[in-house]
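What follows is each chain in one-letter form.
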Amino acid sequence: MEVLRLAVSATQRGKLISAGYTSLSSLSSLSPSDLARDLQISESEASEILKAASHCGRLDNSDGSHAIVTGAQTAWDMFHEEDLSRCITTSCADLDNILGGGINCKEVTEIGGVPGIGKTQLGIQLAVNVQIPVDCGGLGGKAIYIDTEGSFMVERALQIAEACVEDVLEYRSLRKNFQACQVQMQPKDFLNNILYFRICSYTEQIAVINYLEKFISEHKDVKIIIIDSVTFHFRQDFEDMALRTRLLSGIALKLMKLSKKYSLAVVLLNQVTTKYSDGSFHLTLALGDSWSHACTNRVILYWNGNERYAYIDKSPSLRSASAPYSVTGKGIRDSASNYKRIKMM
Amino acid sequence: MANKVLSEMGLPKSITNIFTARNLLTAKDVLSLTEFELTELLDVGFAEVTTAVAQVSEIASPPYQTALSLLEQCIQNEYLSGHLPTCLKGLDEVLYGGIPFGVLTELVGPAGIGKTQFCMKLSLLASLPTKFGGLEGRVIYVDVESKFSSRRMIEIGVSSFPDIFHMEGMAQEMAGRILVLQPSSLAEFTESLQQIKVSLLQHQVKLLVIDSMTAVVSGEFEQGPPRQHSLGWHISFIKSLAEFSRIPVVVTNQVRSQCSDEISQYAFQVRSRDDTIEESARFDSHLVPALGIHWSHAVTIRLVLEAKSGERFMKVAKSPISPPLVFPFNITSSGISLLSDVGVEMIGPQINAIQNQGHSDIINFLSERLP
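So the protein sequences, as listed, match chains A and B.
Note that my numbering has the first sequence beginning at 1, numbered continuously upward.
Note that my numbering has the second sequence beginning at 1, numbered continuously upward.
Among these hints, one or two may not hold up.
[Unchecked claim] Which residues of chain B face chain A? A few of them, derived with a C-beta cut under 10 Å, are:
hint	residue
1	A47
2	P62
3	Q76
4	V103
5	P129
6	F132
7	G133
8	G232
9	S236
10	A290
11	R302
[As the list claims (entries may be wrong)] In the PhoX-like style, the derived pairs of lysine-lysine whose C-alpha atoms are separated by at most 25 Å in a straight line are:
hint	chain 1	residue 1	chain 2	residue 2
12	A	K254	B	K28
13	B	K28	B	K13
14	B	K4	A	K254
15	B	K308	A	K214
Just so you know, these hints were derived from the structure itself, not from any lab.
None of the values given here were measured: they were computed from a predicted structure.
Glycine residues also receive a C-beta, built at the ideal position from the N, C-alpha and C atoms.
Next up, chain A with everything else stripped away, as it sits in the complex (with noise of 0.2 Å):
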């Protein structure tokens, strides 16, 4: 019974069924006004059925394009896009580097790990990395940040812009083309391309992702979304699991979509819980399997030994790899022993 799995209401589904009209092909030829009229609904309902069928049956028109399937696109064609898709700096050179430039424009990234260990200053990091200008190799983007937690401290956020500033003034003095560095840029400039919300129960948060769509449309300079984190509200007030799983695949079903849409980078920051297998208890990220699924590219932060480090635990075209990282006054950065290794050689 195809018909079971087109958008349209029930009720019009049972009439459908009723009136014999179970595969979609059998929808295929119909006019409105004969369906209309076999149905006994008014013919904007009609046409409305046929639409939707039209659009779950789109496997079979091939609208003589060269295209087989419309809205496919070829691998070369992305492998293209892809190359001209930007990355947005972590400013550590070791994580840029495993993460293959950076954070990648057009998927969903999750970076999780355990309290303190900075998954908030690379949210902030990485909102205003977005913002470096196009002639030093950044986006020159604004950044969404939702913060479900009230762990976003601005003041921190303007010591993190003050030291990118300085970092862009001295990038631009290398290269020396001081014409092209005309407009003054302030850290207060780089505080407001930072969109904040604050968000206090799980309700809001789907609200405001599936309100990102009309919002981003008007704010198309856009380039990263940071939810900071994803998991808070969903931890706290739930009962219902499968519904829990259902809202979660939702939004994360939707972010994919945006960051498709708009070429942006959405990162999602997510809590650690402990899993009993194997017989032992280890670490994992919150929310369980199934939403393991859901992110593109899943990044965790550890400690090993005395130093921080990312590892990539999932991604469809990175190789896993760990790479330590620090944080300091400025934000996230090289790894002090890295450092030294440097000046040693």
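The hints should help you fit chain B onto chain A, whose structure is shown.
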């Protein structure tokens, strides 16, 4: 915003009626279902549902601010980004003024290390008149463990602020501003929390202390899922309480010894290196905070108090603005005081470790000195 009533959103009348008929009255009811479920339940077309959901979402989502406007707000009204000074110079400096408003600050450490002492000092500070650097407000002190000692608090007050406390009637006024609650069960605690939420704003309450969070939950349940669940509710409630009334909330947490089969590592770490297991075994000797990792995510600032070879240390273990620093401290008649205002930076996860060596010496030493 989440409980906004649907009928006041200006949706088309027909759609509102359909939602109401299915008992979907608020934004929460609508957004808790996926669009497909709604189509099924409401018996209307998918397109209509999508538009309605988009509209509900737009109204229910809170407005955005730029980080710049946040910063300006903070500068304009100091009370929004205010801090409760701890009178510990080094700590105030790294925390940009003291215990911040609007977030949870946690004190964790072994028994007798000075958590309650610190809480009592903070309560006094919040009640002091503004010209002496206080907040001139009321304090609600939830004393779950029945450890609050009014005599000791007055003593701290007299020796740290002699000028104020020797004034006629001041001691009474200061102490009169501190309300101590001693809930005996989790239900009672929950109830008083809900009352507190209402009265916070009316009564000029400037500090909420919960000593300790662990006793609240562990008194009631054995380990297992129910504890996790009720804790989850309390976490979000206390966080929202702090946020909306813009007051500092200080919560203490006890410690427990780490179970031997608890490995604080990810599966991939164990797979990749065998030597790290030995390393983790070495760490086993230390204590861990009694409330687990779920709770740790919720606190914004974590101060670890510990004892090592007969000395006490205060560690800024988690903070969005301060580097991981260690301060040596001791407890005198005027409460906690730092032995050095310059913190030593600590590298690596050791900042989270809680030591308790040579601690009993200090306690004996203290009991001789304190009445």
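Results for each hint:
1. A cut of 10 Å between beta carbons decides the hint on A47/B: the least distance to chain A is about 7 Å, and the hint holds.
2. With a cut of 10 Å, the hint placing P62/B at the interface with chain A holds, because the nearest CB-to-CB distance is about 6 Å.
3. At a threshold of 10 Å, the smallest CB-CB gap from Q76/B to chain A is about 13 Å, leaving the interface hint violated.
4. Because the beta carbon of V103/B sits about 6 Å from the nearest beta carbon in chain A, less than 10 Å, this interface hint is met.
5. Restraint check, P129/B versus chain A: the minimum CB separation of about 27 Å is more than 10 Å; hint violated.
6. Against a cut-off of 10 Å between C-beta atoms, the interface hint on F132/B is violated, since the closest Cβ of chain A lies about 26 Å away.
7. Contact between G133/B and chain A, as hinted, is not supported at the beta carbon level, the nearest pair being about 21 Å apart and thus beyond 10 Å.
8. The beta carbon of G232/B is positioned within 10 Å of a beta carbon in chain A (closest approach about 4 Å), and the interface hint is therefore held.
9. Given hint, S236/B at the interface with chain A, holds; its Cβ is 4 Å from that chain's nearest Cβ, closer than 10 Å.
10. Because the beta carbon of A290/B sits about 15 Å from the nearest beta carbon in chain A, more than 10 Å, this interface hint is broken.
11. Interface restraint check: R302/B against chain A, minimum CB-CB distance 7 Å, threshold 10 Å, status holds.
12. With a CA separation close to 18 Å, the supplied pair K254/A and K28/B stays within the 25 Å bound.
13. Between K28/B and K13/B the CA atoms are separated by roughly 19 Å; this keeps the pair inside 25 Å, and the hint holds.
14. Simply put, K4/B and K254/A have alpha-carbon atoms about 23 Å apart, close enough for the 25 Å limit, and the pair holds.
15. At most 25 Å may separate the alpha-carbon atoms for a hinted pair to count; K308/B and K214/A exceed this at roughly 56 Å.
In the structure shown, a violation is registered for the earlier hints numbered 3, 5, 6, 7, 10, 15, in ascending order.
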